[in-house]
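In order, the protein sequences belong to chains A and B. Okay, so the first sequence: first residue is -3 according to the working numbering, each after it adds one. Okay, so the second sequence: first residue is 314 according to the working numbering, each after it adds one.
Simulated from the structure, these hints should not be mistaken for laboratory data. Remember, it's a predicted structure, so these values are computed and weren't measured experimentally. Heads up, some of the hints might be wrong.
Unchecked claim - Not everything, but these chain B residues come out facing chain A in the computed CB check (under 7 Å):
#1 I328
#2 L336
#3 I342
#4 V343
#5 G400
#6 N673
#7 F676
Ideal Cβ placement from N, Cα and C applies to all residues, glycine included.
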Amino acid sequence: MGVELNPFVIMIAAALTSNMILSNFLGMCSFIAVSRDLKTANGLGLAVTFVLTFTTVLNHFVHYYILIPLGLEYLRFIVFIIVIAAFVQLLEMIIDRFSPALYISLGIFLPLITVNCAILGGVLFMIIREYTALQGLLFGFGSGAGWWLAIVALAAIRGRLREKDIPPQLNGTGITLIIIGIMAMAFIGFSGMVPVR
Amino acid sequence: MIFEVLVTVVVVGGISAILSALLSVSDAIVNNYGDVKITVNKKRNIDTTGGSTLLSTLGTEKIFLPSACGGKGSCGLCKARVVTDIGPVFPTETPYLNKEEIKSGVRLACQIKVKKDLEIEIPEELFNIREYQARVISLHDVTYDIKELNLVLNGDISFKAGQYIQLVVPPYGKIKESTMRAYSISSPSSQKRTIQLLIRLVPNGIVTTYIHKHLNEGDELRILGPFGEFYLRHSSSDIVFVAGGSGLAPVKAIVHEMVKTGFERKTYFFFGARTTADLMYTDLFRRIESKYDNFHYIPALSAPDDSPGWKGETGLITDVMDSYLTKQGSREREAYLCGSPGMIEACINGVLKKHGLTENEIFYDKFG
């Protein structure tokens, strides 16, 4: 397997220097759509972190113990998506039963993130960079936490912009994309500090 | 080569099968809430199994809460007060509940799952709501897009004129689920074994298309009812009815009712239509009008140019009503409106409020 990096370094790197959304631009659709309100952004961030953490590990085992021995790496896209979808459904069921409060706050976001590209992206990065299971776990968690941080930051900024006088042509998605661009530039400041591989 | 294909199929199929088996098993374990007891209005106990919504659980026990959307959470009618603590209100419920309702524990029965023993309170008259098997005795056009449907029921239904029932249409063609929609009863309430409905063909409407294109005499349907708060209130004020299209149905039922008591109150019935082709039951209302001094039937056409020879009122129903009310001057009035949300809105905000009617004197049924 790949270079021996400290899993915690990978976690920090995934959250900051190679942030899922601001460096790799993955998970953009829900990032823009659900960042209107701080509370719901928080809920989605939590859900993404949760799912990303567990699906990377799950898919790590599926990849190295099922696909590789059978020589079926080319099937990984389909298989990863199936695993993610099933996991999200299972999770939804369990949360509904045992933590109604969390179920309410996650609401429709859980089923939505099945098709969030950040999740599949996280899993594929883990495979490409040849992480071990532990590295994968912390990479998944770090990526999710970074995505969470970014969406909460964006939601907070958009919340403050609501009362501001924005040119009507830019109002809505336009100004949001500009904000994301500036945030991404700010995150470039982190680049090179900690390598991901 | 063929071996590789087989391995691929087996692996993808196997992984999917294992995952779906896992999901089914955990569904059976996790979603199993066992036997629960629901206490309704402190006097009726229902023993049932948990896991479904409160609305459908009560439905299987023959207690029918009103629901125009059939449990999708889009009509907000299936309100019930839940006394037991079942956690905060869902985001899907909040648009339909006001602050006092949330405080007193009112919930939408279609959105909450029965997970433990519950104590709930529902309006007493809902026990009157029953399910009936109905057979079509006649079905014919009254205008180019409205059909009169007459049904005979398997039991007596007691309702107030102006109330509505829900019609359940079985799956047909591309529609894979049975669908439920609300329709006002247009026959008099003294008629308890047979009911009449007026149904306008809505483009792409699941239920209206079924009734207009697939239903035949002798067919069986399921109905639930009666529901609704749209009925004549007791007072001595003048009555203003306003209807458009199939919104005529509940007004027709109420007018039938009033014929029996001989119209003690001055009554004006404004009916909005585009052309003469939209008018229906004109003879009936004209006959009643000629017999009773207090009843006035005022149809108005918004596109009179398409109806040569029309001698009645023309223009928008709001303008026609406005000029009548202005002519009569200031009087005590009650208004009953039934038709499209747009028409109702325009009548209330544009005309009725101007003539001094308060919200307590305006009653309406919106046909979405």
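Hints and how they fare:
1. The restraint placing I328/B at the interface with chain A holds, with a minimum CB-CB distance near 6 Å, inside the 7 Å limit.
2. A least Cβ separation of about 6 Å between L336/B and chain A falls short of the 7 Å threshold, and the interface hint therefore holds.
3. The beta carbon of I342/B comes no nearer than 9 Å to any beta carbon in chain A, farther than 7 Å, and the hint placing it at the interface is violated.
4. Checking V343/B against chain A by beta carbon gives a least distance of about 5 Å; that is within 7 Å, so the hint holds.
5. Hint status for G400/B relative to chain A: holds, with the closest Cβ pair at about 5 Å, below 7 Å.
6. Hint status for N673/B: violated, given a least beta-carbon distance of 36 Å to chain A, over 7 Å.
7. Given the 7 Å rule on beta carbons, the hint for F676/B is violated: about 36 Å separates it from the nearest Cβ of chain A.
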